[in-house]
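Novice: Chain order of the listed sequences is A and B. Just so we're aligned, residue 118 is where the first sequence starts under the numbering used here, counting upward by one. Just so we're aligned, residue 4 is where the second sequence starts under the numbering used here, counting upward by one.
Note that these hints are calculated values from the structure, not bench results. Careful: at least some of the hints might be erroneous.
[Said to hold, decoys possible] List of simulated lysine to aspartate or glutamate pairs, DMTMM-like, C-alpha gap at most 20 Å:
(1) A:Lys247 with B:Asp34
(2) B:Lys247 with B:Asp260
(3) A:Lys195 with A:Asp250
(4) B:Lys58 with A:Asp250
(5) A:Lys145 with B:Asp121
(6) B:Lys58 with A:Asp226
(7) A:Lys247 with B:Glu50
(8) A:Lys247 with B:Asp260
[Stated by the list, open to error] Residues on chain B that point at chain A, a partial pick, calculated with CB under 10 Å:
(9) Leu41
(10) Ile45
(11) Thr46
(12) Ala47
(13) Ile66
(14) Thr144
Quick caveat: nothing in here was measured; it's all calculated off a predicted structure. Backbone N, C-alpha and C define an ideal beta-carbon position, used for all residues, glycine too.
What follows is each chain in one-letter form.
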Amino acid sequence: MRALKVVFLGLLVLALLNSPATASTFEKADGWYRWSVDSPVNMGSSCCGDMSGELTIYVRSENGGPVRIRAYDASCDKGPKEQVTDLGPLSLEDSDALLLEIVQGSNVDMDVREDALFWLVHTGSDATFKYVDQLLSSR
Amino acid sequence: MKNFLKLATALVLVLFSTTALAQSSDAEEQDSLKMAALEALITAPPERALPIVDKVLSGNNSIELKERALFILSQMDTPESQARLVAYARDSQGELQSEAIRMIGIGGDSEALAGLGDIYASGDADVRDAVLEAYLIADDTDAVFQIAANTADEEEFSDAVQMLGAMGAHDQLRELRGRAGLSESLIQAYAISGDAETLQELAMDDSNPEMQIQAIEALGIVGGDEVGLTLIGLYRSAADEDVKEAALDGLLISGDDASVLELYRNTDDASEKRELLEYLVMMGSDEVWDLIDSALEGTE
């Protein structure tokens, strides 16, 4: 009987481990989040002229999860007019971590995850390319 | 105890089925993420993206992922990436090889396009089609001209000439007539390219009646007011019945019922009127019912 209970509890733990993770940073409050990051990639020019290389990334959170991503060059910031939670200038690593959190958020809409992946590659850190390499090498 | 066992069994079954579903969903998500990652590499520096794209192409990945990788490769503007693309176009097999060849056309790199010549020469029919398509995409009329000008194979010549027609390569097609002589495939290509000038010249030339008739009918494919006048002129001046019929067929093909109507109204020959009326019926001319009424009433 005790052995069965142990099996039962083990199965319960397994079931919990299988439940999808959530993107924690954007759970705090709904609304727009913003941060800026210097990209090592030469981004060429945009409709506003030569790009500065500093990217401002906006993430819209609803019901505790990211639902939209926008990104602008700092010279061409057309971010939302609504109130924004400013996460400040972030290091490339911290920016990557936020974007990766969205990419790997199994509760997040696939389009949003793909957008996050695009901007992750666009900012172009060494760690990102390693991640992409691993992702594309996985079965 | 029994109930507990049942509960545990049910839980195991639910867990296994949800795990199986989750695994299938995970696999789909993984595939989507892979595709998105690959597409995102288009913005990455080529020296960072090339090794990753290369690994996708040489790995055990789906054909969709590999085809997308070829596209990304085609968009990298470096000698290394273009050389890799040519290598895949030369050394791959089947669908992937054809896609690599097409991607060289999309990329439009002149050296990579030049590399397609050898691939065409040693390839099978599918490879040759893909190379012609790549030249079409890249608008490389000279490369297609070289194929047409240098082949002794009638089918290859015909395929290349049809492609030149689709590319609107008037000059190259005219030069081929001088080199290889006139042929049915050349006449079709003149029509496809819209070269009314050459077709009008051929339509007037009665030295080869078979080619003349084909040229007259091909004028119908080009169509237009000037072609209509040429076909009316040919119809009226021709002594040969086959030429007359070809001119009418040309008008039928071009849908020029106004010209057929003009011929109908300008003839008093009853059998000719009947034949022209038949053409107007075939063309679905709006005025045909008025003409039939008038004919029945004897007023026209």
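Novice: Run every hint past the structure and note whether it holds.
Specialist: Do the hints match the structure? See the list:
1. A:Lys247 with B:Asp34: holds (18 Å)
2. B:Lys247 with B:Asp260: Distance ~16 Å between Lys247 of chain B and Asp260 of chain B Cα, so the pair holds.
3. A:Lys195 with A:Asp250: violated (32 Å)
4. B:Lys58 with A:Asp250: holds (8 Å)
5. A:Lys145 with B:Asp121: violated (61 Å)
6. B:Lys58 with A:Asp226: violated (28 Å)
7. A:Lys247 with B:Glu50: Measuring from Cα to Cα gives roughly 14 Å; hence the hint holds.
8. A:Lys247 with B:Asp260: Since the Cα atoms of Lys247 of chain A and Asp260 of chain B sit roughly 68 Å apart, the hinted pair is violated (cutoff 20 Å).
9. Leu41: holds (7 Å)
10. Ile45: The hint holds - Ile45 of chain B has a Cβ within 10 Å of chain A, the shortest such distance being about 9 Å.
11. Thr46: holds (5 Å)
12. Ala47: This hint holds: Ala47 of chain B lies near chain A, its Cβ roughly 6 Å from the closest one there, short of 10 Å.
13. Ile66: violated (15 Å)
14. Thr144: Violated, about 32 Å.
In this structure, the earlier hints numbered 3, 5, 6, 8, 13, 14 are contradicted, and the remaining ones agree with it.
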